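A.B. asks: So you can see what is in the structure, the chains are spelled out below.
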Amino acid sequence: MASNAGGGGGGASGLGTRQVVVAGVVGGVALFLGATRIGLIPVPIPLIGNATIMHIPAIVGGVLEGPVVGILAGLIFGIFSFLYAENPVFANPVVAILPRLLIGVVAWVVFVGLRRFSVDLASVAAGLLGSLANTVGVVSLAVLFGLLPLSIVPAILPQAIAEAVLAAVVTVVVVRGVMLFRSGRTTAPEVGSDQERRY
Amino acid sequence: MLELQRNVVFGQFVDTGSVVHRVDARVKIAAAALCIVASFLIDDLLGFGLALALVVGIQALSRIPLGFFLRGSAFFFGFLVFILVFQVLFYTGEASGYLWRWGILSVSAEGLYTAGVLGLRVVFLYYITTLLMLTTSLVDLTNGLELLLSPLQKIRVPVNELVLVFVIAVKFVPIFIEEMERLARAQTARGVPFDEGGAVTRARRLGRLLVPIFINGFARADTLTTAMHTRSYRGGRNRTKLRVMKAGPPDWLALALVTAWMLAAWQL
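For the record, the sequence lines run as chains X and Y. Here the first sequence stands for residues 1 to 199, where the numbers follow the numbering used here. Here the second sequence stands for residues 1 to 268, where the numbers follow the numbering used here.
Just chain Y, with the same shape it has in the complex (with noise of 0.2 Å):
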């Protein structure tokens, strides 16, 4: 509980330097978008194996140690167990025969099939954004998403701000963790038990931690929008940027090549 900072891979990025982190953020975040909307087209373990052998592939360029990846995920794949387990169990579909029955209870090649192929798209979600965080920093991923959505602004979408709401939510993260680290320990050292407990003694002590969490966020909030207002932010309309992204052709070779892959990946 109190050691929170250790666990958590979200939002980290990790320079290696290697080919995967020098890909224009444009493509990457395209890449991976195609990917996500790959997961829901493909429905069967040979479209998975393909997808997944991909983004290992990737993985392996990007010279990420796999660690990263399963650090502070062991709750997450404990969890995806347990409830494949229950769709295997409670599956209602059709079933060709029973290897295992008992009342309601039972197991089908079927419902086995279904449960592996909702597992994996679990975690192929998982990997492909974590991936992408890993490999591209905060600033390249928010130019990016501005410059791929820019063409909403035509429509009056207020892209520039819509991102800016999720840069500060991203970056907010480590600094809720290191309060949350201290207030707990503040709390320990008057006495109050974090690891003991049953549920809802738990999740009563969670209010105490949780009320300061939300009081401190608005004061933080109301000191940044003062701190933007003096700088006169005006949302990013117009702005120029120091750094022009530029994607060359080894960028769009990789794009095309994601693209045919999961394309095969469904189609298969």
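The following block holds chain X by itself, in its conformation from the complex (with noise of 0.2 Å):
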């Protein structure tokens, strides 16, 4: 685990409050994309599971809090798909969480990488390629461990392409949305009651 000491006011070794606050926010979007199956788009031929859009949070998470926070999300997806696992790729630990530790970091590096020539390409970027290292990872070792047929991987292309288009698109919209909505308010927005806040 990497430390980061005085990373808003944590402890002297591990995580700062900040990190462990949305680490743990983002890790819940993806918890309830998959409780409600908002998150599981069912798909024609689901080979390797529904399109997924629970790599999502993992790839905000790593975008805009760094590399720990990216990697707890998709800790935190990781586990959710190996214990509800409905496709049996999925109920093998190393295949189910190892890859998915990977989409923020991999989402990480591509949009500081990027950032300096816009914000919006690195966010793209970074959700396509975030995407992709979940696909790609799941689906290697997948067949490395022989729980799918190497023939297979052409099959599995057009869902692999859809979810990192899905991915791009919304990490764009919401890397800009939360920049925004920091660049505005710096203090703690509840002041009026829930029903009253802008969306």
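None of these hints come from the bench; they were simulated from the model. Treat the hints loosely; a few may be bogus.
[Said to hold, decoys possible] Facing chain Y, according to a computed beta carbon distance under 7 Å, are these residues of chain X, among others:
| id | residue |
| --- | --- |
| 1 | T17 |
| 2 | R18 |
| 3 | V20 |
| 4 | V21 |
| 5 | A23 |
| 6 | L31 |
| 7 | L72 |
| 8 | Y84 |
| 9 | E86 |
| 10 | P88 |
| 11 | F117 |
| 12 | A160 |
| 13 | G177 |
| 14 | V178 |
In this text the structure is predicted, and so the values were computed from the model without any measurement. Virtual Cβ for every residue (Gly too), placed ideally from N, Cα, C.
Build the complex from these two chains, which are given one at a time in their own frames, with help from the hints.
C.D. replies: Here it is, written out as structure tokens:
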């Protein structure tokens, strides 16, 4: 675990308060997407499971708060998809959890690398590559473990592309939205009742 | 779409005050972890039959109706059956004889058996996890997990913080569900139909709900961070507990029973 002393007033070792909270919240979005099944989009031939958008929180977490938050959000996604595996492929902790840790890291690296050109471009690239990291990691490990035949790879491509495009679209809007929100208001937003809040 | 809350069992705790509820949380977590490990070692129908029998027994003891496990899981099982049919049809291992064959598609006894074992493994994992969540309150789950993982603190793993990440994630699920319902209602009131359209249209509409959920989530994270800072949160190290967990002989007996049963299911 990365030592981030003083990051948001954290302890001598370990995670800062802010990282803990944000990782929890984006992990919560992942769990919410899984528990309500909103994040699992049925596809005609679900060879590697439904098309998912549960990896988007890990991408967003990685982009906005750094690799540690990305890893933690990916970990929550991975554990969920392991324990609530619908597809026997994910009933294997290595396939379900390990590739998911990389999603946020890849997204963060790409975002930081491209940020100086354009934030939007960097978000799109982070969404695409973070999503591909998930697909490539899961499929290659599943093939390695003999859970999927190699010949299946071309059949997975359309789903992989769809997931990546969806992730790119959502990441760019969320990153822009959160940055806008942060630039305008730096204090806690809940002054009125919940219903009065602007969306 | 609008009535999400009724169908989501995830993270619910149902207190029936049964024997299972009163077992020390650490023992329950350890037992669940054992069962999860066992689900990888067991690879025949007899073993899974035995293992499932134990879990069904525990569920009966817990007095939680089976409906809680089945509610909202129609999708889950439908999807599982679908996947298993694929597993059977595209079975590539050794097969002694085919019951049916057409091109690369085939049905063999071995294919059916493998699919059956895979399916049971998935159901077993789901069952164990759901049972643990339904019978253990989040507070007990947190404390138990922290205590079980506390040896890792010696190698500077921030156990308290990691557990807190999971707690926040689980706690935020109902908040997001509520928010999603409100957003969906607000959009519906403006004439956005959520229950119509093909996969692409639905996926695009999802973006409209997902973005406010994220932005709101980050706003809440800011608030929560401030709230924790003002209360001087410094991780949970050296914190004492009002309620100290005590595992008595019955708890150890329960753990021993689960261990023995899973060993038997594996070896038989």
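A.B. asks: State for each hint whether it applies.
C.D. replies: Against the structure, the hints come out as follows:
For the restraint placing T17 of chain X at the interface with chain Y, the shortest Cβ-Cβ distance is roughly 5 Å, inside the 7 Å limit, so the hint holds. Checking R18 of chain X against chain Y by beta carbon gives a least distance of about 5 Å; that is within 7 Å, so the hint holds. A least Cβ separation of about 5 Å between V20 of chain X and chain Y falls short of the 7 Å threshold, and the interface hint therefore holds. The beta carbon of V21 of chain X is positioned within 7 Å of a beta carbon in chain Y (closest approach about 5 Å), and the interface hint is therefore held.
A least Cβ separation of about 5 Å between A23 of chain X and chain Y falls short of the 7 Å threshold, and the interface hint therefore holds. Because the smallest distance between the Cβ of L31 of chain X and any Cβ of chain Y comes to about 5 Å, under 7 Å, the interface hint for this residue holds. Using the Cβ-Cβ criterion of 7 Å, the hint placing L72 of chain X at the interface with chain Y is satisfied: the shortest such distance is roughly 5 Å. Evaluation of the Y84 of chain X hint against chain Y yields a held restraint, the C-beta minimum of about 6 Å falling below 7 Å.
Satisfaction of the interface hint for E86 of chain X is found here, the shortest Cβ-Cβ separation to chain Y being roughly 5 Å, below the 7 Å cut-off. The restraint placing P88 of chain X at the interface with chain Y holds, with a minimum CB-CB distance near 4 Å, inside the 7 Å limit. Hint status for F117 of chain X relative to chain Y: violated, with the closest Cβ pair at about 23 Å, above 7 Å. Residue-level restraint check for A160 of chain X is violated (minimum Cβ-Cβ distance to chain Y is 15 Å; threshold 7 Å).
A cut of 7 Å between beta carbons decides the hint on G177 of chain X: the least distance to chain Y is about 5 Å, and the hint holds. With a least beta-carbon distance of about 5 Å to chain Y, the hint placing V178 of chain X at the interface is held under the 7 Å criterion.
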